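Colleague: Residue strings, one per chain:
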Amino acid sequence: MAEFEPKIVAFVCNWCSYAGADKAGGQKLAYAAQVKLVRVMCSGRVDPLFVMDAFRQGADGVMVLGCHPGDCHYRAGNKKAQQRFRILSRMLPQFGIESDRFRLDWVAAGEAERFQTIANEMTDRVRALGPLRIRGYVAKEVA
Amino acid sequence: MTVKPKVAFYWCASCGGCEETVVDLGARVLDVVAAVDIVFWPCALDFKTADLAALADGAISVAFVNGAVRTSEQAHMAELLRRKAACVIAFGACACHGGIPALANLTSRERILQRSYHASPTVDNPAGTEPRESTTIDGHRLNLPAFADTVHKLSDVIAVDYSMPGCPPTPDNLWQAVNLILTGKLPPRGAVLGSVKSLCSSCPRNDSRPDDPTIPKIRRLIDVVVDPATCLLAQGLVCMGPATRDGCGARCIEGNMPCTGCYGPAADVQDQGARMVSALGTILQNDAGDQGTAALDDPAGTFYRYTMAASLLGAERKDV
Amino acid sequence: MGRPRTAVFLCNCGPNIAGAIDLDIIAGQLASRQDVAVVERHALLCSPDGQQFFRDTLQNRQVDNVVVVACSPKMHEKTFQDLAGEAGINIGHVQMANVREHCAWVTPDKATATAKAQLLINAAIRRSLISENLEQRSMEVNTDVLVIGGGLAGIEAALTAAAAGRKVTIVDREISLGGAVIKTEEVAPSLECAPCLLAPRLAAVRDNSNITVLTRAEVTEVRGFYGNFTVRVRRQARAIEPSCIGCEACFEVCPVTVPSRFHLGLGTHKAVYTLFPGSVPAAAAIDKSACRHFTDGTCNACVEACPFGAVNFDQPDDESEFAVGAIVVATGFSSWDPRSISALGYGTVPDVYTLPEFERLASSNGPTHSEIRLRDGRAPRSVAVVHCAGSLRPDAIPYCSRVCCLGALKVGELVRKQIPGATVTNIHHDLVLTTPREQAFYRRQAHEGTRFLACTDLAAVQVRTGDHGIRVEGPGFEPVEVDMVVLATGLQPAAGTRELAGLLNVELDADGFLKPDHAVLHCTGASLDGIYVAGCAAGPCDLPTAVTQGQAAVGDAISKLMPGRRINLEMMTSVIDADLCAGCRLCKAACPYKAVSFDRERKVCVVNEAICRGCGTCSAACPTGASKARHFTDAQIHAEIGGLLHG
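Protein chains in written order, with our numbering: chain A, 174 to 316; chain B, 17 to 336; chain C, 2 to 648.
Hint data in this document are derived by calculation from the structure and do not stem from the laboratory.
Quantities reported herein were computed from a predicted structural model and do not represent experimental measurements.
Once the Cα atoms are required to be at most 16 Å apart in a straight line, the calculated EDC-like pairs of lysine to aspartate or glutamate come out as:
1) C:Lys79 / C:Glu136
2) A:Lys201 / C:Asp110
3) C:Lys595 / B:Asp228
Listed next, with one range per pair, are the computed distances between beta-carbon atoms:
4) A:His241 / B:Thr230: 18 to 28 Å
5) C:Glu242 / B:Asp228: 38 to 48 Å
6) C:His448 / A:His241: 41 to 51 Å
7) A:Leu302 / C:His647: 15 to 25 Å
8) B:Ala69 / A:Leu302: 46 to 56 Å
9) C:Met76 / B:Gly271: 56 to 66 Å
Positions of the beta carbon are idealized from the N, C-alpha and C atoms, including for glycine.
Chain A on its own, in the form it takes in the complex (with noise of 0.2 Å):
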């Protein structure tokens, strides 16, 4: 049997994280395929309901990323990330998700390494847990 490939979504902000992204890809810094990247203007976009909507889909590992604490680009949308995703991680492992299957952290525009360190930690940690088993619903796509 091949090795379990986790799926990884990520929600990145426009202005640092994507960028880092993006400079990621510039410098030709390989990461894990695995994970793939939502774009959303902030990290206070990010409504704790799409990281349970990617896990509900499919998703082995959810990751939130904005601007570093100070930097936001809209002031502090991160901040408010912060809070939420602060009530959401001590709510995840009640549904059974492990605390590794989820990371809110910051990237730069400028730290690329900093971005592919993330990827490739979040691929190995989950590689590590297994696949995530919502039962009932890994397999049934929602509309």
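Position chains B and C against the provided structure of chain A, taking the given hints into account.
Modeller: Just chains B and C now, kept in the frame of chain A:
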């Protein structure tokens, strides 16, 4: 004489509170009885399943079904009622969203049995007996309904025409629904019979919410003297009102208690708990760090108290 | 209406994409998709030829949505949006799948890259199927400018705007303009006379009909947004009418003497006063807390003395409201007060001064009329200058103010010019001299006699009364005893900066100065559109920088606010569905720009789309789904997530 519409009431996994709503109609219940023909209501009147099965398919005008669905019997009755009724209304929080019984989706069938028949300190079961679906005693076979892994909301099991959330729905909600039925003014099928907005829209404390509702930390009810006039959320309490459908008449708020969310999500909202997490995170000050959420002992149980079976992550039991 | 028709363009990007991803496989799969109407491939879609091809294809093929499979949207989203717009497709229906930066360049294995690209493209297609129009809205603007602070940066900002024909209002707390610079005698390293430098600029302000000067005035309220601010300014009565020319006749008869703030407490003025002769405005003002007419009603001397009948005790305080399009904050700085560090001897050892105080002593409009004197009236024979007083230490000013070194070097110049034979010793650690001219100035001072003592730890310097004068000692140098000590104190945010930032809804940096919108690319923009910052309000800076920033801030502001031209608003704003909004106002709490307001009558929240910058934080905060982030709706993100996870 015109034929009165036939009405059925049934309960699946529920506490009986929804049945109370019918009784709590008070004197109005006489008007209901005069206007409709109650053909099935096991909680209050002596009907048998066979009576229901004997009716022609579609003979019942409206079936009010409350309670969540976990056992094979509940599923069977739901299916039977669906066949016999032209219109099924999911009545109350459990039927609409799983309600309190669906909190069991946070644990497993095995753990429930282990706790209930072995581990609980009040259990005395030296033989280690567990319920079985089929037992033979003295040559007689006894059957129990199958106990499923997952607690479902009614619409997971059968097609539901209308939903009336609430734990329980108020007598006024029921009265309005009955009138809609009798006057033939029901909205298009699939609708929730209720408001589209959230509770804040009718909350008597809406005006008291400060311009900056930021809170330093989440507080538990037992740790505060609740100001009876100020927005409960602004006092740091988890008031689910912003994320909860209006329609209850803000009775808990009037009683100086925060909303616990029994009317489920507002219209167009997929997941009540996710919305509340986001809303709460928005007003929680950042600098308190993890201390701000320390009082939140059971987030899933807090944010999904009535909607686990309708949630993104808790609708299906994941074996752990 | 049928299903939306989607066109997918695959860009080879030369070998960049085509070499790493098997676009043949991708194109084959796309061709078999029901939801894709057109699949086209091009060698380099952003080239002139590619752009032409893109536009022509869209025009000829009747599509509703476009997915461009190419590079980062940060690179070319606008290019393809504009081209689609030319082809009659609303830009909201243009999606990019970034398979270059996020796939081709970071996924060495071609099969893996191809599989990943399929998912990225799938997500973009699914998202495009529910894309919505984005409307370009625009707004009429007010082109007038408010300048807060009438120092050098503010004056230059005002003159620049006025020269472009804009109406400008300068608001200053003092009774006349000039800020910090007017209090110094000479500016280093050019040693030009500061009042002479400023005088023609002040006159130009006075004589410019486009400029209104409001002194003894403060901004009390700011409403609105870029291009449409309404500001409220409160002015304290000066009790002197503008007909006053500053002849000073009243000064002689005024019986009350008060310590002068302008002289930093080193001198006095009368209860009726000007800061210096020739100030702008020229009119005197009355200090109501000292004037006997106001304190006990016993004096009318100035009324009788005034040849112009300008004294008017009944002049009321005044509050006015007016509209501007942009606001320049040029509120300068305050000098650090060394009293909090007792080892520096300030306030306890008589002849220890701060650098600004020394500047006043040396200044022709100062308390001693430019004679450098000790408190007992003697000329100092020896002066020590302590660099970095209070700077670079966490208990006072944690940063370097970068202009004090130059000021500290000037002490020697001024002392030697006046007092032949006097010695000047600068006790320093680093010397921050950032231009060749400043460095040459240093060399000249060293050559002309300033003694430089390098201290290894300026935080450990002690200043106290010694046997033969003031003793200055510290690690790394032999103690000195001198007649006068000057502390080169650093620059702090001006008093009231935090309150002003609150009024303007702009951010401060960690040190309390106004935070720039971007430290490099938009350093004269504050963190809110339409608010600019110049000079030391943005952090310590030298005079040329203050001037440049004043001019640059206004140049930036007026280049966008052109008379008769509307400004475009952000397209990806949030909008609130009043039918769903319950008036919980959590969106209002989420908005960093105060773009959301609560309509008390309808009990719903409303987004002012002229202010909204489109971050979408309010949409995530909304517990009822009433707030929608345009172009990043829940449904669109949901579709994208699904697309990434299911091929």
